[in-house]
Structures are given as C-alpha cells and as structure tokens.
Amino acid sequence: MPETDQMILRVEDLAVHFPLGGGLLGGKRRTVHAVDGVDLHLRKGECLGLVGESGCGKSTLALSILGLQAPTRGRVLLDGVDIAAPGVDRKARARIVQMVFQDPYSSLNPRQTVRRTLEDPLRLHGITDKSEVDGRIEEMLRHVGLRPEQAARYPHEFSGGQRQRIGIARALILKPKIVVLDEPVSALDVSIRAQIINLLLELKETMELSYIMISHDLGVVEHMSDRVAVMYLGRIVETGGWHSIFTAPRHPYTRALIAAIPDPFGERPGVKISGELPNPLEPPSGCRFHPRCPEVRDICRKPPTPPLGEIAREHEVRCLRAAELA
Amino acid sequence: MKFRANLVIGGALFATVVVAGALAPFLAHTDPVMDANLMNAEVAPGSEFWFGTDAQGRDIYSRVLYGARISLTVGIVSQLINTVIGVCLGLSAAYWGGWWDDFVSGLTNLMLAIPSLIFALAIMAILTPGLTSLLIALGLTNWSYTCRLSRASALSLKGQGYVQAAKVLGYGDIRIMLTQILPNILGPIIVIGTLGMGGAVLAEASLSFLGLGIRPPFPSWGSMLSDARDQITTAPWISIFPGLAIFMTVLGLNLLGDGLRDILDPQSRARTA
Numbered sequence: 001m002p003e004t005d006q007m008i009l010r011v012e013d014l015a016v017h018f019p020l021g022g023g024l025l026g027g028k029r030r031t032v033h034a035v036d037g038v039d040l041h042l043r044k045g046e047c048l049g050l051v052g053e054s055g056c057g058k059s060t061l062a063l064s065i066l067g068l069q070a071p072t073r074g075r076v077l078l079d080g081v082d083i084a085a086p087g088v089d090r091k092a093r094a095r096i097v098q099m100v101f102q103d104p105y106s107s108l109n110p111r112q113t114v115r116r117t118l119e120d121p122l123r124l125h126g127i128t129d130k131s132e133v134d135g136r137i138e139e140m141l142r143h144v145g146l147r148p149e150q151a152a153r154y155p156h157e158f159s160g161g162q163r164q165r166i167g168i169a170r171a172l173i174l175k176p177k178i179v180v181l182d183e184p185v186s187a188l189d190v191s192i193r194a195q196i197i198n199l200l201l202e203l204k205e206t207m208e209l210s211y212i213m214i215s216h217d218l219g220v221v222e223h224m225s226d227r228v229a230v231m232y233l234g235r236i237v238e239t240g241g242w243h244s245i246f247t248a249p250r251h252p253y254t255r256a257l258i259a260a261i262p263d264p265f266g267e268r269p270g271v272k273i274s275g276e277l278p279n280p281l282e283p284p285s286g287c288r289f290h291p292r293c294p295e296v297r298d299i300c301r302k303p304p305t306p307p308l309g310e311i312a313r314e315h316e317v318r319c320l321r322a323a324e325l326a
Numbered sequence: 327m328k329f330r331a332n333l334v335i336g337g338a339l340f341a342t343v344v345v346a347g348a349l350a351p352f353l354a355h356t357d358p359v360m361d362a363n364l365m366n367a368e369v370a371p372g373s374e375f376w377f378g379t380d381a382q383g384r385d386i387y388s389r390v391l392y393g394a395r396i397s398l399t400v401g402i403v404s405q406l407i408n409t410v411i412g413v414c415l416g417l418s419a420a421y422w423g424g425w426w427d428d429f430v431s432g433l434t435n436l437m438l439a440i441p442s443l444i445f446a447l448a449i450m451a452i453l454t455p456g457l458t459s460l461l462i463a464l465g466l467t468n469w470s471y472t473c474r475l476s477r478a479s480a481l482s483l484k485g486q487g488y489v490q491a492a493k494v495l496g497y498g499d500i501r502i503m504l505t506q507i508l509p510n511i512l513g514p515i516i517v518i519g520t521l522g523m524g525g526a527v528l529a530e531a532s533l534s535f536l537g538l539g540i541r542p543p544f545p546s547w548g549s550m551l552s553d554a555r556d557q558i559t560t561a562p563w564i565s566i567f568p569g570l571a572i573f574m575t576v577l578g579l580n581l582l583g584d585g586l587r588d589i590l591d592p593q594s595r596a597r598t599a
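These protein sequence lines are chains A and B, in that order. Heads up: the first sequence begins at 1 in our numbering, then just goes up one per residue. Heads up: the second sequence begins at 327 in our numbering, then just goes up one per residue.
Bound-form chain A, shown alone:
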C-alpha cells in the first residue's frame, strides 16, 4: 500500500448494480454488475488513467465518484469522508470533485453565455460580490486560453476546441481538488487534441489538481497518466504505474489493448483477442476474461474469480497465470 499521507481519494470495494426486468408485470429480475468491487486510490497531483472497452464500467465508476450514481456497495473516501453516501451535500461535493465531459457540443447549455455558465456556479456557492465574480471568471478564462471579452458569447459561436476549453473552465471555476476527465479529447479533431492535453497537464500543475481520466485511447492515456487501471466487465484486471503498464503489461487483456495501439514501426509484439464483450448479465465463471483470453487454461474457467495479486511494487494483476506470463 502506498503512503497514505498524499492520498486524496480512495475508492473501497465500490459496486454499482442495476436491476433489470421484474417490473410491474413480473418477469425474472436480473442484475447487471456494472461495477463490481473496485478498489482505487488517487494521490495528490496524480493523473490516474482508467481504461477499458465500452461497457466495462469505467463511466459508471466515474459517475459514482461524482455522486451522480448511487453505489450499491462500497465507499468513496475523500479525506476520510464518504462522498458517495446518499446524505452528502451536493454543493460540498461540488467544491471537491468536478468533471470535464466528452462531447463539447452537448456539454454546454446552448441558451447560456459563457459568462452565465461560469457565473451561476459561483453565485450558487456563495460568491456574490460582483468584483470577485468578475475577477474569478476573467482569471479562469485566461487560464484556459480564452479572452475575457469572449465571455459574452454563446456556445455556438465557438469551435469544438474552444468549447472544450469552456467546459474545462466550468469544471475548474469552483477550484476543485479532483477532476474526472471523461474522454476529454476523443470528440475533438486530432489537430487540436494535443493543445487540450497540454492545457490539462498545465492546469494540473498550476491549480494543483488530481485527475481521474477515463479513456479508451491508450495513446492519450500513455501521454497523460501517472498510473493506469485497466477495467474489464466491472472489475480492475491490472493496475500499476504508467511505465510498468506500458512496457511490461502482464494481464493478457492489457497486452491486447496495448497491442491495439496503432504502431507504425511494428515494435510491439502483437496479441489479438477475438470475440465480443460477454453479456454482463451472465458474466463468465472464473476469470471473466477467459472466453477471449489467448492464454486460457482449464483452471481459468473454474470459479472463483481470481483476486488482484501484487506482482511488483504498485503493480497488481488479476490473473491466475500472472507468474507464468512474465
């Protein structure tokens, strides 16, 4: 376990289950285990990359951290306080955790000027002094590379990259400690992705932020993250420092993900996995990855699901064959 003094956020055994069917007219009630027992920690000033394919539960996990999705089980501890508990004040949480959304086109209210988008949260949180509001907005706009006079405009007057800057400004206006980045650049043109990534990295230093970044673009994760957690079917299958995940991935799923990064020089060993993500209503027995795993053996199919095992300092893998696959 890493030193706890720099720890800013700690997710303990978090699970989010969605009941399906079994409504008024009956039918068998089944449960989707979208997130199924996740442990995570985030240190101050760190960027944690959360990767996995669509439907692996990474977005649900993020929503729980933000308080938008009540967890079925587990806790999200911030300075020892559970911020995912149902009784937590929305406003108090808002001053700690914020979010940058994926789609800059739908994440800004088309009927509000940039100024109102930034002003309303400040007023809601008790900052009503006109000069202070003006000062905070102007400072924030400069931070994200916009001109203060652009505040009078509506979202449709901006480009995608500029809109994402506004979205970042909105997330940071309350000076949070943690920002959840949900695919922050995947909806942007490739030509402006780098600008936004660099802006985010710069802001992390100047505003002393910690990031949780959700992405399926491993190129971005490789560039931004200090640590990486790989999720598969609601569980973390491998977690470790950026370097160990990208240079020495141990779990076959991580290997396959990394092999899938376009590699013009062909330096990485290729691993291919076939098939689709299994039905989350009926997850496979034993290791959940076994139906698609190129390294599968008979023991992998037998329950229970293997635990996360530490194979090096700060490098954990959920694989029975982790030692053999080194």
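Hints were generated in silico from the structure; no laboratory data involved. Being a predicted model, the structure only gives us computed values, none of them experimental.
The calculated lysine to any residue pairs, modelled on SDA-like cross-linking and capped at a C-alpha distance of 20 Å, are:
hint: 1; chain 1: B; residue 1: LYS484; chain 2: A; residue 2: GLN112
hint: 2; chain 1: B; residue 1: LYS493; chain 2: A; residue 2: ARG123
hint: 3; chain 1: A; residue 1: LYS204; chain 2: A; residue 2: ARG95
hint: 4; chain 1: A; residue 1: LYS91; chain 2: B; residue 2: ARG501
hint: 5; chain 1: B; residue 1: LYS493; chain 2: A; residue 2: ILE96
hint: 6; chain 1: B; residue 1: LYS493; chain 2: A; residue 2: LEU122
hint: 7; chain 1: A; residue 1: LYS91; chain 2: B; residue 2: ILE500
hint: 8; chain 1: A; residue 1: LYS44; chain 2: A; residue 2: THR206
hint: 9; chain 1: A; residue 1: LYS91; chain 2: B; residue 2: LYS493
hint: 10; chain 1: B; residue 1: LYS493; chain 2: A; residue 2: ARG116
hint: 11; chain 1: B; residue 1: LYS493; chain 2: A; residue 2: ALA70
hint: 12; chain 1: B; residue 1: LYS493; chain 2: A; residue 2: SER59
hint: 13; chain 1: A; residue 1: LYS177; chain 2: A; residue 2: ARG75
hint: 14; chain 1: B; residue 1: LYS493; chain 2: A; residue 2: ILE127
hint: 15; chain 1: A; residue 1: LYS302; chain 2: A; residue 2: PRO284
hint: 16; chain 1: A; residue 1: LYS91; chain 2: B; residue 2: GLY498
hint: 17; chain 1: B; residue 1: LYS493; chain 2: A; residue 2: SER106
hint: 18; chain 1: B; residue 1: LYS484; chain 2: A; residue 2: GLN69
hint: 19; chain 1: B; residue 1: LYS493; chain 2: A; residue 2: ASP82
hint: 20; chain 1: A; residue 1: LYS91; chain 2: B; residue 2: GLY496
Chain B is faced by these chain A residues, among others (derived, beta-carbon under 7 Å):
hint: 21; residue: LEU66
hint: 22; residue: LEU68
hint: 23; residue: ARG90
hint: 24; residue: LYS91
hint: 25; residue: ALA94
hint: 26; residue: LEU108
hint: 27; residue: ASN109
hint: 28; residue: ARG111
hint: 29; residue: PRO121
Glycine is no exception: its CB is placed at the ideal position from the N, C-alpha and C atoms.
Model the placement of chain B on the given structure of chain A, informed by the hints.
The following block gives chain B in isolation, referenced to the frame of chain A:
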C-alpha cells in the same frame, strides 16, 4: 429571414382581435348588455347597425367587440393554466422518473382518453357558470398534450452533458429544471400553447353555446350563437358575425402557432440555415 405568410397573416388576425377587444368601449356604438330595444329587433346589417341587431334589438357589432374580451381572456388565461400544469408535470416526470413518471404518464393517458370538452362540461355542471368557472374548467382539462410534449423534450435533454454538469456543480433539481432544461424546450411549448389557445377559444364558444359558459345577457360569441339558433333562417346575420369572429380568432391563432413552429423548431431552423 424569408417572408412567412402564416406568421404575418396569423399575427395580423390575432392582433385585430386583441385590438378590437381592448378598444371595445371606444369602438362600440352601444352598450352590449343594456341597450336592448325591441323596436329595433332583428334589423338587417346596414349603416346604423353595421352587423344588424338581434332578437332583443341589441347591436351585434358592439356585442361582437365585447365578446372578444371574453374569448381572449378565456383563451389566454386557461391556456396559461394548462401550460403551467403541463410543463410542471411533464418536466418533473422526465427529470425525476420512477414512480412519479409512471403516475404522471398514467394521468396524462387518462386525460387523453377522456374527451376534454366532456370533462369541462362535467366541471361546469358542478361549478356555477361564469368566467372563473370557465377558466378553471378549461384550464384543468387541456394540459395533457403540453405535458406529453414537455416530458418528451425534457427526456431527450436530461442526458445532455450540461444537465449532468449542473448536477456535478451542485445545482438543486428545481434549479436544473428551470435554468438548464426549460429554456431549451420552450420553443415547442410556445407553439403548442398558441395552438391550444385557439382550441380554448373554440371550447369556450362550445360551452357557452350549450349554456354552460358565459350566461346571457353578457356577450360571449358562443352564447350569441346559441341565442341565434331560432333565427338562423330568418335573420342569419345574428349567427354569422359571432361565427366569423370565432373563425378569425382561431384561424389567426393556428396560423400564428404554425408560424412560430417554423421559427422555433430546431429542425426547420436547420433546414433554412
């Protein structure tokens, strides 16, 4: 912007009715209620009585002008009540979901299944006839379309990033509905509100025609038509002019609603952009 015939004509018709109602005391030739004179009964339209007189010898022109006040009051106020009820229910049902949504949707379907005029009739039968009762009866029976529309529109916006962002920023539910969702669904609500106003004018006329709305001798277009039934062959002008007034008002409101839809509907805006 291109010339929009329906908006201009509808607006002009509606404005005419509004002006006529507002300026009725100045434009009218006689008092619509008091100036009955049996010596002048059933006089055909002419220079003295522009629209003729009715069986009691009252000037129809003056009565039609004053009738605009009642029709417009009923149309606008009852539709406002409907819109407020419909938007509150629809918006909150979409936003909160769960049992509240089930309840509101069920209630809406129930309201849609009952012919609204019959429902209004039933309410009027319980209450004493009069303007206030009419406003209540028509204001409580026609919100289902607005409710459905605002629920559907709000549902499509609920998942948008900016609504999520407002939650993350600590906004309360009511504040999110009012500042984030409502402004973005206002366009279709205005359109359906305008169209519904025409319907309310017609409903008022129908109820008054059936004797359950505005009571004689006060001039409502519906009650004037009702009074004119016996003379429809002998003195058709008694029914023609209030009928034309209803026709003009409802046509104007419908054209106006259509025109507003062309402007406010995002899809049609995308087409012309």
